[in-house]
Amino acid sequence: MDEPLSLIFISTLLANNFVLAMFLGLCPFLGVSGRLNTAFPMGLATMFVMLVASLCAYGLNLLLDYFHLEFLRLISYIVVIASSVQLVEMVLKKFSPALFRALGIFLPLITTNCAILAVALFQTARDYSFAQSLVFALGAGGGFMLALVLMASLRERLQLANVPTLVQGTALSLILAGLLSLTFMGFAGMGSLE
Amino acid sequence: MSLPNKNDEGITFDTFMEGVWRQNPVFVMVLGMCPVMAVTVSAINGISMGIATTFVLVSSCLLVSLIRHLVPKEVRIATYIVIIATFVTLVDYFIQALSLALYEALGAFIQLIVVNCIILGRAEAHASKNPPLKAVVNALGMGVGFTIGLFALGGVREILGAGKLFGVTLFGDQFQPWVVMVLPPGGFFVLGGWLLLFALFRGKPATEGGHTHG
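Protein chains in written order, with our numbering: chain A, 1 to 194; chain B, 195 to 408.
FYI, nobody ran anything at the bench for these hints, they're computed from the structure.
Even for Gly, the Cβ is constructed at its ideal location relative to N, Cα and C.
Be aware that a few hints might be false.
Per the computed footprint, the stretches of chain A lying under chain B, defined by three or more beta-carbons under 8 Å from a beta-carbon of chain B, are [what the hints assert, rightly or not]:
(1) 12 to 23
(2) 71 to 83
(3) 174 to 181
Using 30 Å as the maximum straight-line C-alpha spacing, the simulated DSS-like pairs for lysine-lysine come out as follows [stated by the list, open to error]:
(4) B:267 <-> A:94
(5) A:93 <-> B:267
(6) B:323 <-> B:267
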């Protein structure tokens, strides 16, 4: 694979946005997007874990390939991700207890955020080089944060709107996400990897 | 993700039906959304994904339930994840051998079953507290409920977006496929539509028990 770094970045950030075009990381996307001031740090934390996971996965993959242990890939990736989430959790608990409480259950759940495992799996499947992997993780994390922040802003505005009670809740969030996703399809012309 | 969990003894019909209807993972709990949206461009993809997930769910819950007294509380989540990942690797290789076309259609989402919240949620909330048989029955119910949800989504999207069901053309030549339904936005719209439909029948918005608002 020899895609230029800029194409990888733009494509994962916009055209192939992880949340809105590839349906990855929907649980936190729907769960934490209620308020902007939790959505933003959540996006940052996820982005950081993505970067760490991508780095570790790259090294790990070299090792697994060397020993011909490809069938252990999934297990080792998930263990690496789980440990880096633990790390973020400890750092956050120490330096910002308020934020730690605000994120609550969704912090440990970053482990089961499929976007992160997907970053590791895709970069392996596409044979990315070290630099490409890093840019890919950065684009994916940025895209996740972008979607999360956009959605949170929309939902904050929506709180002031007069919506029929029946439609409120998850159904409305999904329709909203659908509209956002429709908008992001407009970026398809800017460069797509697939 | 803490679900209401009653530690009553025997296995009742409700142990099974809980996952199929009352706590349906797709329509009531809104869990494991990523595969739900991503693979349901056709009914058959939805069902295959449902069956693969059910297999992982049932086998992981069985194993978790069997070793529930042996695992220290501190490392239980890590243990569960490793167990789940093992079964997913199995399914991954199995589907690859069974049908390469299906394997390519489902793509990375087979491996991503590992991080499907339903499985970890069931392992933690039910299987780790109940005897093996009960855990398996409950997991089977959840799996069936998940498969029904995937089929409901995949069926609607395939009919609207391609004018087909299971690859069989349903309408005449005049039918203009509603292409957006098989594209990403369609997944959000169809699931949103289903939730609205359920809300209409129950007469209240679909937030109760919803993990997304927890």
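*Numbers of the earlier hints that this structure fails to satisfy, in rising order*: The structure conflicts with no hint, since it agrees with every one listed earlier.
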